[in-house]
Amino acid sequence: MNDGMDELYRDIILDHYRNPRNSGSIEGDSVIIIEEFNPLCGDKIIVYLHSLSGELIDDIKFIGEGCSISQSSASIMTDLVIGKKIEHAKQIVQQFHTFITGGNIDEDDNSLGDIDAFKGVRKFPARIKCAGLAWNSLDKAIDSMKKLT
Amino acid sequence: MNDGMDELYRDIILDHYRNPRNSGSIEGDSVIIIEEFNPLCGDKIIVYLHSLSGELIDDIKFIGEGCSISQSSASIMTDLVIGKKIEHAKQIVQQFHTFITGGNIDEDDNSLGDIDAFKGVRKFPARIKCAGLAWNSLDKAIDSMKKLT
Amino acid sequence: MSLESKKLLDRTTQIRSDFPILDRKINGKRLAYLDNAASSQKPMQVISKINDLYSNYYANVHRGVHSLSMESTEAYESVREKVAKFINAGNINEIIFTKGTTDSINLFAQSWAKNNLKKGDRIVLSEIEHHANLVPWFMLRDEIGIELAFIPVLDDYTLDIEAAKKIINSNTRLVSISHISNSLGTIVPIKDIIDLAHHNNAIVLIDGAQSIPHQNMNVIDLDIDVLVFSAHKMLGPTGVGILWAKMDILKQCEPVIGGGDMISKVTFDGALWNDIPFRFEAGTPNIAGVIGFGEAIDYLNEINYIDLCNQSHVISEYTRNLLEEMEFVEILGPKDKLLRTSLFSFDIKNIHPHDVAQILDSEGVAVRAGHHCAQPTLNKFGFSSTVRASFYFYNNFEDANQLIESLQIVKKRFLQ
Amino acid sequence: MSLESKKLLDRTTQIRSDFPILDRKINGKRLAYLDNAASSQKPMQVISKINDLYSNYYANVHRGVHSLSMESTEAYESVREKVAKFINAGNINEIIFTKGTTDSINLFAQSWAKNNLKKGDRIVLSEIEHHANLVPWFMLRDEIGIELAFIPVLDDYTLDIEAAKKIINSNTRLVSISHISNSLGTIVPIKDIIDLAHHNNAIVLIDGAQSIPHQNMNVIDLDIDVLVFSAHKMLGPTGVGILWAKMDILKQCEPVIGGGDMISKVTFDGALWNDIPFRFEAGTPNIAGVIGFGEAIDYLNEINYIDLCNQSHVISEYTRNLLEEMEFVEILGPKDKLLRTSLFSFDIKNIHPHDVAQILDSEGVAVRAGHHCAQPTLNKFGFSSTVRASFYFYNNFEDANQLIESLQIVKKRFLQ
Ligand SMILES: Cc1ncc(COP(=O)(O)O)c(C=O)c1O
Ligand SMILES: Cc1ncc(COP(=O)(O)O)c(C=O)c1O
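Going down the list, the sequences are from chains A, B, C and D.
Just so we're aligned, residue 0 is where the first sequence starts under numbering that gives the first Met the number 0, counting upward by one.
Just so we're aligned, residue 0 is where the second sequence starts under numbering that gives the first Met the number 0, counting upward by one.
Just so we're aligned, residue 0 is where the third sequence starts under numbering that gives the first Met the number 0, counting upward by one.
Just so we're aligned, residue 0 is where the fourth sequence starts under numbering that gives the first Met the number 0, counting upward by one.
Rather than coming from a laboratory, the hints here were simulated on the basis of the structure.
Some hints here could point you the wrong way.
Which chain C residues face chain A? A few, computed with CB under 8 Å, are given here [what the hints assert, rightly or not]:
1) T11
2) T12
3) N26
4) R412
Straight-line alpha carbon distances no greater than 20 Å define the calculated SDA-like cross-link-like pairs of lysine to any residue that follow [said to hold, decoys possible]:
5) B:K128 with D:S383
6) D:K28 with C:S54
7) C:K113 with D:E70
8) A:K128 with D:N114
9) C:K6 with C:E324
10) D:K410 with B:L111
11) A:K122 with D:N114
Interface residues of chain C toward chain B, partial, derived using beta-carbon atoms under 8 Å [what the hints assert, rightly or not]:
12) V64
13) M69
14) E73
15) S263
16) K264
17) T266
18) I275
In this text, a Cβ means the ideal position worked out from N, Cα and C, and glycines have one as well.
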């Protein structure tokens, strides 16, 4: 079957989908909570971002409802940025967007980890939105954190 | 030239257009004045209807602006109904509409006079509105007179 | 199989050849187009009509005395008559051309409701409405302070008519309701609702987007007050819809969109309105769309679409029955088959509808996944999205079987 | 004739073969289509594009993951980019698809003006506007009590820019004005008006319905704030228009039409809006119309329409000059040929425009007669209607001569 399904539904994606990392919520005053929808299908991601210093992502979790692509993407995203510097996370978001819309990224950059798993998504414009949902939430969370601090 | 122009612009029509009968206005309290537009081209007919008794059309005049078809039609209309009973005028209006939309009328009916001149108009849907303008005014004038009396 | 349904099936095969897109290969597979509730495909008769217009007699309508303009205008205006006949409206001037169902409902909200309702008046909707029959009323509520009330949907996916008897009260001025739910497939007993509404001196708007493509609709027999639907769901081009209302109601409506064609006189101080329906149709209309829609109606009449739609309902039911036997599938929609139309929503445990639809697509099967613009309805049943298969008269048993077989492939990939 | 204009004429001959309707016989005569300001004809490239869509990849857009829906969506959305490039907009999300210019102006009036202006604020229009740029503002004035002021038109058919300097005052929030008058052919010095407006912190809406088909329009260079136009006047299908506005302004706009696709979340209590531009595009859009419009833009770019339009302007001027020599003809419009476009209105003493157009039609010449949806403008000059001949790049000298010769026939019949 060369219809792109094997490429789209790579094992890493199905694994993150079935066993999401960093799933759940974080409570507390200094937690930034951003909810993103895909208006076309009702998919939803809520990202909880915790950073005491405003410089490091101390913790990040998500609650979501949606397809394998959007949920695995949230899992992979949280996994990638947890413990990273805010500025670095922002760069990773950028790189993810470059990658998913067909651009090139430095494949040897370890900090981009499993992003490569989404290569198969590029062929399916309708699913790029799914893949991007969590990343948009993170982007907005970082922006609104910056406004606070 | 068999393009319908000779039939459309029959001499009677051009004659009424160039020498309109009953052109002008009527003043006085008991005069019904109805203004009709053709919204698509800006043509305009104002009909002045005077009936002391409410039963007979004592006088009828019109002021108008428009094409040969609309203006000659007003002239022919006023000529036809002046001095007639209101009820009869109403019937003539009816007959005109029947005729212009392709129906049959009693051609021997003298009271229908020059209506026949508009036979050529039937082929030109855009012009049927022109031809009907004055008749619609008369129709409305009679209706609003009835409401008064 | 009865001789009659055999004949109908042969007829379907013949009909399918009118729809060029049905020969399309999708990912190398045969196309099984089961997304008809979103939009129908177009027969070549409709496609050619548009071609013919633009190639032979196109011009702007209404304002020209030249031949092309006269021919276009006649073709355009003749569609008003076709539509009127199709729904048995008494007066062709009651037919207003819009952009689609959504546009029709918004127009009616702004044109009638905004000018005839006041704070405290009630509009009754239901819990199975398309967003097109929700959001315009939210907007109006926020603007003029009317009250919205919803006829609940029961656990069996039908409307709660007992509750409706209380909800439609003497403050109710309008009941605006779908004839058929596009997300659940539920057929609403509109006659009962119309009676309830009229009993309370309320008028009724029927959203016929999902019903009119499939069945005979007689506005006079049903005593409907306002009817809206879209051309694109019944073989017509995109960008065309109908707002029909009783003339008495149209007379209470104010124009909403101003411009050319909708006026009888304009000065620098203001304008007088043109007659109904023109006062509601400002600007150059979708001439090709409307003329194409006229051809769609002619086509539906010629093929005797109602018999064919009954046949596709049989195929829809056949498919649904097979799905019901799959233990990993949960189907939404009424149990009673008389209460449901030729579409159904379903969910597969642990596989998101998007993923289901994606894999079905890789097998050539086109279905919709999502909230079907009925988010609150799905939410009420605990779903944020479902898969929806919807049938039209050109669908055949092959389409049905292709869906069923492809679902096994979905299962294999995700539930292994 | 210069070599260059000879080449352009040859090119016109070649281009004409792309327009199937130009072969049409009217009353047995060759068609001279001079009603382009009302609507343009369509090249077979555009007609085929629609055919191709419906035959090969049609489905409803935005909401589907299946292949047809993805292909349609991509084709549909790619047109936003084409339009943005065509007018040099900086951001494709600033392109909003509407039904036409009329719809665009109404949308902007209800969406921006209604929510950002208050009683006493002034909107400046001009005395040469199409009804589409008058009536929506009358309606808004009657609804929220804004004040309308008009830049006068002078006896020489140009706008009174001196007066504009006073009329555009510090209360002025919006100047909404045609780039080219469809009734007089006057080209408005929009750069001056934009400067005046911006100097007073007012924004400017340009009605480009008559200009964009003929010339390059660069919204950034001109610092236009809002631009509206219709696809059908520039080779595109009917039922499609554009509302473009700077993103900052779109952010101040409230959605006007509610329904599917324009929301990000709906409950039974209310809705959240989708992003710009989608929040302004509720319901199933005119998919085929928009995709056909994309093809029209491609075609215009490929043939290098600006050079060709310059050529048709030469033909328009040639015709006008011949008309000026006919003593029974009175031409409206600016004397300075740099201030007028490829259309002119005229009147024949003692023959009503309807009659003129009718007889021209019998000779195959399609012109418009009437008030051209600019009733107050014509009235100001003492006319209730005129004849209008308007040229596009497929018109040639034969069309021009056919008009001139046919006017002699008009004269013979009526002025003998
Ligand atoms: C029940 C119902 N109402 C309204 C609509 C909206 O129709 P349109 O998108 O053509 O405006 C639809 C179509 O999706 C529908 O199914
Ligand atoms: C200057 C101008 N504005 C607006 C319009 C209205 O355009 P539409 O009828 O496509 O909405 C026209 C076309 O007649 C026009 O010429």
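Hints, verified against the model:
1. T11: violated (28 Å)
2. T12: This hint is violated: T12 of chain C lies away from chain A, its Cβ roughly 28 Å from the closest one there, beyond 8 Å.
3. N26: holds (5 Å)
4. R412: It holds, given that the least Cβ distance between R412 of chain C and chain A is near 7 Å, below 8 Å.
5. B:K128 with D:S383: holds (17 Å)
6. D:K28 with C:S54: holds (17 Å)
7. C:K113 with D:E70: Cα-Cα ~39 Å, so violated.
8. A:K128 with D:N114: violated (31 Å)
9. C:K6 with C:E324: violated (29 Å)
10. D:K410 with B:L111: violated (32 Å)
11. A:K122 with D:N114: It is violated: about 41 Å lies between the C-alpha atoms, which goes past 20 Å.
12. V64: holds (5 Å)
13. M69: It holds, given that the least Cβ distance between M69 of chain C and chain B is near 5 Å, below 8 Å.
14. E73: holds (6 Å)
15. S263: Cβ of S263 of chain C sits 4 Å from chain B, so the hint holds.
16. K264: holds (6 Å)
17. T266: violated (12 Å)
18. I275: violated (12 Å)
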